Amino acid sequence: DDLITVEKFSTGIYGGKVVADGTTIRLGPAPEARPFTAKVQVQGLEVAQALAARTPKQVLTGKFNGNVDVQGVGYTPDKLQQTLLGGINGNLLEGTFLGKDLVSSVTGPLAKAVPFAKALKSGDVTSLGGDLPFSVTIKNGVAQLSKPITWTRPEAAMSFDGGIGLDGTLDLTGGVSLTPATIKTLTVGKVTPTEAIPVGLKISGKAWSPEVTGIDVKPAATT
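Positions 154 to 376 (my numbering) are the ones given, in order, by the sequence shown.
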């Protein structure tokens with residue numbers, strides 16, 4: 154009938170490789186009403202290249218390895234926000250979140266709350282570590298994390314849960330746990346705790362222009 158099934162397909166794209174065996178689409182309906190299922194395996198895809206034409210500013214760097222298994226109707230962003238279902242899981246290698254330094258977003262307010270502390274220099278980016286595994290379930294226009302993403306850097310451990318809208322809107326809640334070494338630097342050597350000190354926060358706004366809110370530094374300052 155009008156059903157096309159991809160039995161075998163692979164190509165190089167965005168610096169990596171994509172395999173789409175098993176993907177299907179119905180060509181009978183008008184483009185905005187065409188149902189499809191996409192089964193895609195991705196290896197070594199450069200995230201920055203893939204997002205370059207889809208966001209007004211750079212958001213993320215790194216290589217993505219993983220699987221995309223989704224279904225929907227139509228191809229436009231508006232239609233996909235309404236109809237896309239499924240999931241994405243894999244690993245982001247050597248990733249960097251651009252436009253926001255989450256550690257300095259916490260240490261800045263904390264330094265103001267502690268009289269003898271000195272704010273750390275902001276790098277305007279957040280390293281996501283060498284290997285960041287993640288899994289999202291897509292429904293109602295949101296890619297919801299199946300479980301919190303966590304990663305550790307020398308200056309802090311970070312953990313966030315929540316979702317990312319298909320329009321690029323962030324809704325993440327979590328925290329930054331500052332290591333004893335970071336606290337020692339922040340307080341100019343006056344305080345060296347025996348364990349990490351957590352600070353909760355939220356990340357909202359568009360991914361290419363994120364906002365950090367809900368920072369409560371009072372418990373950390375008291376500690």
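It should be emphasised that the hints constitute simulated quantities derived from the structure, not laboratory data. Because the structure is a prediction, the values reported are computed rather than measured. Ideal Cβ placement from N, Cα and C applies to all residues, glycine included. There may be inaccurate statements among the hints.
[What the hints assert, rightly or not] Cut-off 27 Å, straight-line C-alpha distance, at most; resulting in silico cross-link-like pairs (DSS-like, lysine-lysine): (1) K265 / K216; (2) K210 / K271; (3) K274 / K337; (4) K161 / K210; (5) K343 / K216; (6) K274 / K355; (7) K161 / K274; (8) K355 / K265; (9) K170 / K274; (10) K232 / K271; (11) K300 / K343; (12) K359 / K232; (13) K271 / K343.
[Said to hold, decoys possible] What follows is a list of derived Cβ distance ranges for each label pair: (14) I157 / V278: 38 to 44 Å; (15) T366 / Q202: 29 to 35 Å; (16) R306 / K161: 27 to 33 Å; (17) E247 / S163: 55 to 61 Å; (18) P188 / R306: 54 to 60 Å; (19) E364 / Q234: 55 to 61 Å; (20) A206 / D154: 55 to 61 Å; (21) Q234 / G181: 45 to 51 Å; (22) P188 / V278: 36 to 42 Å; (23) G165 / S357: 34 to 40 Å; (24) G283 / L156: 53 to 59 Å.
We went through each hint and held it up to the structure:
no., hint, verdict
1, K265 / K216, "violated (37 Å)"
2, K210 / K271, "violated (31 Å)"
3, K274 / K337, "holds (15 Å)"
4, K161 / K210, "violated (35 Å)"
5, K343 / K216, "violated (40 Å)"
6, K274 / K355, "holds (21 Å)"
7, K161 / K274, "violated (51 Å)"
8, K355 / K265, "holds (19 Å)"
9, K170 / K274, "violated (38 Å)"
10, K232 / K271, "violated (49 Å)"
11, K300 / K343, "violated (37 Å)"
12, K359 / K232, "holds (19 Å)"
13, K271 / K343, "holds (11 Å)"
14, I157 / V278: 38 to 44 Å, "holds (42 Å)"
15, T366 / Q202: 29 to 35 Å, "holds (31 Å)"
16, R306 / K161: 27 to 33 Å, "violated (41 Å)"
17, E247 / S163: 55 to 61 Å, "violated (24 Å)"
18, P188 / R306: 54 to 60 Å, "violated (43 Å)"
19, E364 / Q234: 55 to 61 Å, "violated (21 Å)"
20, A206 / D154: 55 to 61 Å, "violated (34 Å)"
21, Q234 / G181: 45 to 51 Å, "violated (23 Å)"
22, P188 / V278: 36 to 42 Å, "holds (39 Å)"
23, G165 / S357: 34 to 40 Å, "holds (36 Å)"
24, G283 / L156: 53 to 59 Å, "violated (42 Å)"
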